[in-house]
Amino acid sequence: MLYYLVLALFIFFLLFLKVTKFFFILLLIVALLIVLSPRGSFLRKLMWGKKRENDG
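Residue numbering for the sequence shown follows this note's numbering, beginning at 2 and increasing consecutively.
Take these hints with a grain of salt, some might be off.
Said to hold, decoys possible - Here are the simulated distance ranges between beta carbons:
hint	residue 1	residue 2	range
1	Val7	Ile30	30 to 36 Å
2	Leu15	Leu37	31 to 37 Å
3	Val31	Leu8	31 to 37 Å
4	Trp49	Leu8	45 to 51 Å
5	Ile30	Leu3	36 to 42 Å
6	Leu10	Val31	43 to 49 Å
7	Met2	Ile26	34 to 40 Å
8	Trp49	Leu18	29 to 35 Å
9	Leu34	Leu8	35 to 41 Å
10	Leu6	Leu28	29 to 35 Å
11	Val7	Val36	41 to 47 Å
12	Trp49	Leu3	51 to 57 Å
13	Leu16	Ser38	29 to 35 Å
The hints are simulated quantities; they were obtained by calculation from the structure and are not laboratory data. Since the structure is predicted, the reported quantities are computational estimates derived from the model, not experimental observations. Even for Gly, the Cβ is constructed at its ideal location relative to N, Cα and C.
Build the full structure now, drawing on both the sequences and the hints.
Here it is in structure tokens:
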């Protein structure tokens, strides 16, 4: 009984790792698209704060 429980937890852990890895890669692709897109500069302005907006 305990063996099956450990096996199930192990499989669940592997699936969880795969899902998190996939989610991380998806997040990375979205971040790259945002940075490389024409609106990337606008988003970067928002990220860096309103210092640049006051300068320009």
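Should the hint that leucine 34 and leucine 8 are 35 to 41 Å apart at their CB atoms be regarded as holding? holds, 39 Å
Using the beta carbons of leucine 16 and serine 38, state whether their distance is inside 29 to 35 Å or not. holds, 33 Å
Is 34 to 40 Å a correct range for the gap between the Cβ atoms of methionine 2 and isoleucine 26? holds, 37 Å
Taking 31 to 37 Å as the hint, is the beta-carbon distance of valine 31 and leucine 8 inside that range? Holds, at about 35 Å.
Taking the Cβ atom of isoleucine 30 and the Cβ atom of leucine 3, is their distance within the range 36 to 42 Å? Since the Cβ atoms of isoleucine 30 and leucine 3 sit about 41 Å apart, the hinted range of 36 to 42 Å holds.
Has the hinted range 29 to 35 Å been met by the Cβ atoms of leucine 6 and leucine 28? holds, 32 Å
With 51 to 57 Å as the target window, see if tryptophan 49 and leucine 3 comply at their CB atoms. This hint holds: roughly 54 Å between Cβ atoms.
Using the beta carbons of leucine 10 and valine 31, state whether their distance is inside 43 to 49 Å or not. violated, 31 Å
Within 45 to 51 Å or not, the Cβ separation of tryptophan 49 and leucine 8? holds, 49 Å
Does the Cβ-Cβ separation between leucine 15 and leucine 37 fall within 31 to 37 Å? At 33 Å between Cβs, range holds.
Can you tell me whether the CB distance of tryptophan 49 to leucine 18 sits inside 29 to 35 Å? holds, 34 Å
Does the Cβ-Cβ separation between valine 7 and isoleucine 30 fall within 30 to 36 Å? holds, 35 Å
When held up to the earlier numbered hints, the structure conflicts with hint 6 and nothing else.
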